[in-house]
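Make a model of the complete structure from these sequences and hints.
Here the sequence shown is numbered in my numbering, starting from 68 and rising by one per residue.
FYI, nobody ran anything at the bench for these hints, they're computed from the structure.
For glycine and all other residues, C-beta sits at the position ideal for the given N, C-alpha and C.
Check before you lean on any hint, since a few could be wrong.
Here are the simulated BS3-like cross-link-like pairs (lysine-lysine), alpha carbons at most 25 Å apart as the crow flies [as the list claims (entries may be wrong)]:
#1 134 to 245
#2 288 to 179
#3 288 to 134
#4 281 to 123
FRET-style restraints, in silico, Cβ to Cβ [stated by the list, open to error]:
#5 201 to 170: 42 to 50 Å
#6 215 to 266: 20 to 28 Å
#7 128 to 176: 16 to 24 Å
#8 112 to 176: 25 to 33 Å
#9 266 to 118: 20 to 28 Å
#10 101 to 273: 32 to 40 Å
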Amino acid sequence: MKKIVLFLSAAVFVTACNSSTEGDKATTTDAQTVASTEGDVFAIDSTTTVTWVGSKPVGDSHDGTFKVSEGSLTVKDNVLTAGNFAIDINSLNNLDLAGDADSKGKLEGHLKSADFFDVSKYPTAKFEITGVEVFVADSASKDLKIAGATHTIKGNLTLKDSTKNIAFPAKVAVTATKVTAVADFNIDRTLWGMNYKGPNNPQDWIINRNVNIKLNISATKK
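Here it is, written out as structure tokens:
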């Protein structure tokens, strides 16, 4: 019986590690030097959205949004070169349980607790661009969630007390008065120390490590 339990636990663990929500894979490395902000400044506006999707190997998922509290993008010679924005973690809003106020409130409260974001200690997340490169298409480009990706954006993402550099494809457009950037990618939450009940806890295995993030950023020239 013990062998069966161990086998099932291992199977769940493998499934949890290998399953993922839909999205382009973000490459994650150590934090890098933030890009120079020399150039024209565009203030991120209220139409900017940050959407998240968390899931389980069995197929259940929840989705929602965060609000961006402040931020700006820098353009030099009509090219996006730098930028940063802050995410208000207290603004976490679940969407799929909107018709069930009790369940919605419980989920939001749990995600804000020390089990996950721990907003009482870490109310803000932050993203700072470290580099922007022209996107180079390869054999895997046909499977990108962001059709027509133009650039690879690299930046330091700070969640709780951890900062990691992530790189992901994005569709960027720059005009004289506006900058927009759209991306759809996955990150491994455990790399930022977000483990339910602690690292390697069996209760964490039933939650996919990959979380999907969708960015729809809009900024207007100051």
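Status of the hints after comparison with the structure:
| no. | hint | verdict |
| --- | --- | --- |
| 1 | 134 to 245 | holds (20 Å) |
| 2 | 288 to 179 | violated (34 Å) |
| 3 | 288 to 134 | holds (20 Å) |
| 4 | 281 to 123 | holds (18 Å) |
| 5 | 201 to 170: 42 to 50 Å | holds (45 Å) |
| 6 | 215 to 266: 20 to 28 Å | violated (39 Å) |
| 7 | 128 to 176: 16 to 24 Å | holds (19 Å) |
| 8 | 112 to 176: 25 to 33 Å | holds (30 Å) |
| 9 | 266 to 118: 20 to 28 Å | holds (27 Å) |
| 10 | 101 to 273: 32 to 40 Å | holds (37 Å) |
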